[in-house]
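Asks: These are the residues of each chain, in order.
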Amino acid sequence: DVKVTQSSRYLVKRTGEKVFLECVQDMDHENMFWYRQDPGLGLRLIYFSYDVKMKEKGDIPEGYSVSREKKERFSLILESASTSQTSMYLCASRLGSNQPQHFGDGTRLSIL
Amino acid sequence: QKEVEQDPGPLSVPEGAIVSLNCTYSNSAFQYFMWYRQYSRKGPELLMYTYSSGNKEDGRFTAQVDKSSKYISLFIRDSQPSDSATYLCAMSVDYKLSFGAGTTVTVRA
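Chains W and Z are the protein sequences, given in the same order.
All residue numbers for the first sequence refer to the numbering used here, where the first residue is 1 and numbers rise by one.
All residue numbers for the second sequence refer to the numbering used here, where the first residue is 1 and numbers rise by one.
Chain W on its own, in the form it takes in the complex (with noise of 0.2 angstroms):
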């Protein structure tokens, strides 16, 4: 079974802050992917990774920026946190092209 695992489940940090989650998988995935997910929006991309130290934005980028140093570990980092960014972040990952996401359990961030 893919494993995604997620730093941690629930998260408390204040404005300005710079925050870092973390997400591990261990099924040499190539590509992992950061979202949110808010009431009413639904699920919406942040950033994704193809390959080690290769991102692209997704579609809400703003204030936030990722790292991909090896291959099973994505880092999204919120360079100063906002009450906006207050949030349940899902990271994801995929063998590759044409295959499905596997996600993680989340990490719920509150941002006071």
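Keep in mind that the hints are not guaranteed to be accurate.
[Said to hold, decoys possible] Lysine to any residue pairs mimicking SDA-like chemistry, simulated, CA-CA at most 25 angstroms apart:
hint: 1; chain 1: W; residue 1: K57; chain 2: Z; residue 2: Y39
hint: 2; chain 1: W; residue 1: K3; chain 2: Z; residue 2: D83
hint: 3; chain 1: Z; residue 1: K96; chain 2: W; residue 2: V12
hint: 4; chain 1: W; residue 1: K57; chain 2: Z; residue 2: D83
hint: 5; chain 1: Z; residue 1: K96; chain 2: W; residue 2: V24
hint: 6; chain 1: Z; residue 1: K96; chain 2: W; residue 2: Q6
hint: 7; chain 1: W; residue 1: K55; chain 2: Z; residue 2: Y39
hint: 8; chain 1: W; residue 1: K3; chain 2: Z; residue 2: A29
hint: 9; chain 1: Z; residue 1: K42; chain 2: W; residue 2: K53
hint: 10; chain 1: Z; residue 1: K2; chain 2: W; residue 2: Q6
hint: 11; chain 1: Z; residue 1: K96; chain 2: W; residue 2: G96
hint: 12; chain 1: W; residue 1: K3; chain 2: Z; residue 2: K96
hint: 13; chain 1: W; residue 1: K55; chain 2: Z; residue 2: D83
hint: 14; chain 1: W; residue 1: K71; chain 2: Z; residue 2: Y95
hint: 15; chain 1: Z; residue 1: K42; chain 2: W; residue 2: G58
hint: 16; chain 1: W; residue 1: K57; chain 2: Z; residue 2: A29
hint: 17; chain 1: Z; residue 1: K96; chain 2: W; residue 2: G63
hint: 18; chain 1: W; residue 1: K3; chain 2: Z; residue 2: Y51
hint: 19; chain 1: Z; residue 1: K96; chain 2: W; residue 2: K13
[As the list claims (entries may be wrong)] Pulled from the structure, derived: some chain Z residues nowhere near chain W, Cβ distances all over 12 angstroms:
hint: 20; residue: S12
hint: 21; residue: I18
hint: 22; residue: V19
hint: 23; residue: T50
hint: 24; residue: Q64
Keep in mind the hints are simulated off the structure, nothing from the lab.
Since the structure is predicted, the reported quantities are computational estimates derived from the model, not experimental observations.
Ideal Cβ positions, reconstructed from N, Cα and C, are used throughout, including at glycine.
Given the structure of chain W, go ahead and fit chain Z onto it with the hints provided.
Replies: Below, chain Z without anything else, positioned relative to chain W:
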């Protein structure tokens, strides 16, 4: 108009009933079609994945795709209380995954 429209629900059915979930889409470029199940406070879990028109069965679950009508469905037979969750349809072209808004299903014991 959204790319993917999903019947909003919520649905409440008695145990043993057939659950029918539906999505329509507007982008004829979509190539792959998925159904995910999401329990409260968990991430989406892949249930079904298909790329061709027709039916695909996996145990109590059947996914149906009609590309000519731009319509996909998920049927759950002999529904159980453990099937109570939010179901998300999703479809993709290349890397981009477009999701429906989700339908919340409650199966009453």
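Asks: Which earlier hints can't be squared with this structure?
Replies: Violated hints (numbers, rising): 1, 3, 4, 7, 8, 9, 10, 13, 19, 23; every other hint is consistent with the structure.
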